[in-house]
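A.B. asks: Line by line, the protein sequences are chains A and B.
If you want the working numbering, it's the position in the first sequence, counting the first as 1, plus 52.
If you want the working numbering, it's the position in the second sequence, counting the first as 1, plus 50.
If you are wondering where the hints come from, they were derived from the structure by calculation, not from laboratory data.
You may find that some hints are simply not true.
[What the hints assert, rightly or not] Heads up, simulated EDC-like pairs for lysine to aspartate or glutamate below, C-alpha to C-alpha not over 20 Å straight-line: (1) B:Lys189 x B:Asp172; (2) B:Lys189 x A:Asp134; (3) B:Lys189 x B:Asp114; (4) B:Lys263 x B:Asp114; (5) B:Lys74 x A:Asp298; (6) B:Lys189 x B:Glu151.
Keep in mind it's a predicted model, so treat the numbers as computed, not measured.
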Amino acid sequence: MTALRTVITATLHQLFSGRRPILLGLLAVLPPVVTFFVVRGVSEGVALRRFHDVSITLLFILVLPLVALVLGAAALGDERRDTTLTVLVLRPMRRETIVGAKLAAAWIAVTAIVGGAAAASGIVLGVAAGVWEPLVPLVLGIALSALGYVAVFLILGYLTPRAVLIGLIYVFIWENAISFTVDGFAVLSLFRIGITGYAAMVDLAPRFLSDVLGSLDPGMYGAAAKAIGVAVVATMAGAWMLRRRDIA
Amino acid sequence: MTSPAFADAATISVNGVSKWFGQKVAVSDLSCSFGPGLTGLLGPNGAGKTTLLRMVCGLLTPSDGTVEVLGEDPRTTPSVYRDLALVPEEDAVYGYQTAREFVRYCAVLSGHPVSEVDDAIDAVDLGDAADRPIAGFSKGMRQRAKVAAALVGSPRILVLDEPLNGTDPVQRLRLIRIFQELAGAGHTVIVSSHVLAEVERMAGRVLAIVDGKLAAAGDVAAIRRAMTDIPYRVRITSAGPRDLGARLVTDDSVSTVEVDGDTLHVETTDVEALGRAVPRIAADHGFRLTGFEPEDESLESVFRYLVRRR
Numbered sequence: 053m054t055a056l057r058t059v060i061t062a063t064l065h066q067l068f069s070g071r072r073p074i075l076l077g078l079l080a081v082l083p084p085v086v087t088f089f090v091v092r093g094v095s096e097g098v099a100l101r102r103f104h105d106v107s108i109t110l111l112f113i114l115v116l117p118l119v120a121l122v123l124g125a126a127a128l129g130d131e132r133r134d135t136t137l138t139v140l141v142l143r144p145m146r147r148e149t150i151v152g153a154k155l156a157a158a159w160i161a162v163t164a165i166v167g168g169a170a171a172a173s174g175i176v177l178g179v180a181a182g183v184w185e186p187l188v189p190l191v192l193g194i195a196l197s198a199l200g201y202v203a204v205f206l207i208l209g210y211l212t213p214r215a216v217l218i219g220l221i222y223v224f225i226w227e228n229a230i231s232f233t234v235d236g237f238a239v240l241s242l243f244r245i246g247i248t249g250y251a252a253m254v255d256l257a258p259r260f261l262s263d264v265l266g267s268l269d270p271g272m273y274g275a276a277a278k279a280i281g282v283a284v285v286a287t288m289a290g291a292w293m294l295r296r297r298d299i300a
Numbered sequence: 051m052t053s054p055a056f057a058d059a060a061t062i063s064v065n066g067v068s069k070w071f072g073q074k075v076a077v078s079d080l081s082c083s084f085g086p087g088l089t090g091l092l093g094p095n096g097a098g099k100t101t102l103l104r105m106v107c108g109l110l111t112p113s114d115g116t117v118e119v120l121g122e123d124p125r126t127t128p129s130v131y132r133d134l135a136l137v138p139e140e141d142a143v144y145g146y147q148t149a150r151e152f153v154r155y156c157a158v159l160s161g162h163p164v165s166e167v168d169d170a171i172d173a174v175d176l177g178d179a180a181d182r183p184i185a186g187f188s189k190g191m192r193q194r195a196k197v198a199a200a201l202v203g204s205p206r207i208l209v210l211d212e213p214l215n216g217t218d219p220v221q222r223l224r225l226i227r228i229f230q231e232l233a234g235a236g237h238t239v240i241v242s243s244h245v246l247a248e249v250e251r252m253a254g255r256v257l258a259i260v261d262g263k264l265a266a267a268g269d270v271a272a273i274r275r276a277m278t279d280i281p282y283r284v285r286i287t288s289a290g291p292r293d294l295g296a297r298l299v300t301d302d303s304v305s306t307v308e309v310d311g312d313t314l315h316v317e318t319t320d321v322e323a324l325g326r327a328v329p330r331i332a333a334d335h336g337f338r339l340t341g342f343e344p345e346d347e348s349l350e351s352v353f354r355y356l357v358r359r360r
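One chain only, chain A, in its complex shape (with noise of 0.2 Å):
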């Protein structure tokens, strides 16, 4: 447990260092100063309307998967080039425990930027609109969603030094393009995820993002063992690799 939390420490450090968090912070800053413009001198029900047709999309759709992305393909990707994974691979660690350890680290930075970029939405939400009902279930879904992608990305830093790119390719043709295409290939997209999640908790949430969920039903446990599975499945993915692949 020591060892876990040590690994999970440091790579917060490592995450949190550089120009890397300013750069991520000034994204986040970006959902809830729209909010702010989209939801201020509206009634209660266009105001809430209106954030979810832009503020939940941008959070979901752009923020979180850039920051997750940048975040979760460092988190193990750069111990790998900077020639540091011999420090944490020849300790007598289960090697999950580390691959679970950088998954931990990306997901509470991730959470952290863009969980709090979705609670300063809600709350200018609930200030200029009186409406707190999302701000809670936006923070819980954003954490799932959050989970889900930072365990692909975490694999795909390992694998690629052109994680990013590929990353992005991933975001904005799969996830923005033919998830929203192909009915069938929502229940694929890692952002619907803490959408479904969300759309749980709040009433009037599916029917303002009937257009994202497509067929998809509400459903915060559902989402949940989801986004678990997902990232179980990475953690398992990345010490098999991290026992059988070549570590130059």
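Given the structure of chain A, go ahead and fit chain B onto it with the hints provided.
C.D. replies: Showing chain B alone in chain A's frame:
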């Protein structure tokens, strides 16, 4: 008699190991073992030393053959890392950490007592810089930080890949003494280095690798003697070297004789026969010998021969 490639009471066994990267063969059907004491691993750049050490440490999977550390496969049994530490050639350190934080980090991950951290830092003489970020360290200081991290817990097996790179002469002596003390205490210490004179000074046993294959094993002098197909050079100093040279050149054990002032450079393929012949000829003809020493028993020349022979 046991092959010199295999150590008594082996802690690491390398059995018919090959490793190739695409078309490039880095290590080819190599078998050897390492046991308590200090073993030097030698070879020119690209010979396969680092590849072998990384397979020993479980960082690379052999394409063929097996590696066992304390009877286990390090790839699938992480618990062997309680007893195995590697000082890699590359800068495997975190620039944002101080040396003390780095050594402590490694100790915690290995489950070793953090109370040993300060002693390890002092052992490599890094105490004054221990609380500065590693990012500002010289190459030699980084090396010492890595060595300090490896020393915590006093591992049974210490694998060092070019550990003296970038260190100054005083630090080299200190590190060599540490390695020798560990080896003397029964630890398995493997040192790979291209600084041949230093390996010669510290390692009792040497494995020479050329083109991914084991070219020779044993102590330096034994390796040199085993290479009977290459003439052995001996420097003989004597009063009247020309006359002595003229007598020696008729002996069956002598291949060539060169005279350089009062020194004779004699080549032989049978050094033991030469060792008997020289005193006998000197005594028979009244030559006073003032010196008889091998010219090329240094690792550098052994190594040069090994490379040339292949």
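A.B. asks: When the structure is checked against the list of hints, which entries are broken? Sort them ascending.
C.D. replies: 3
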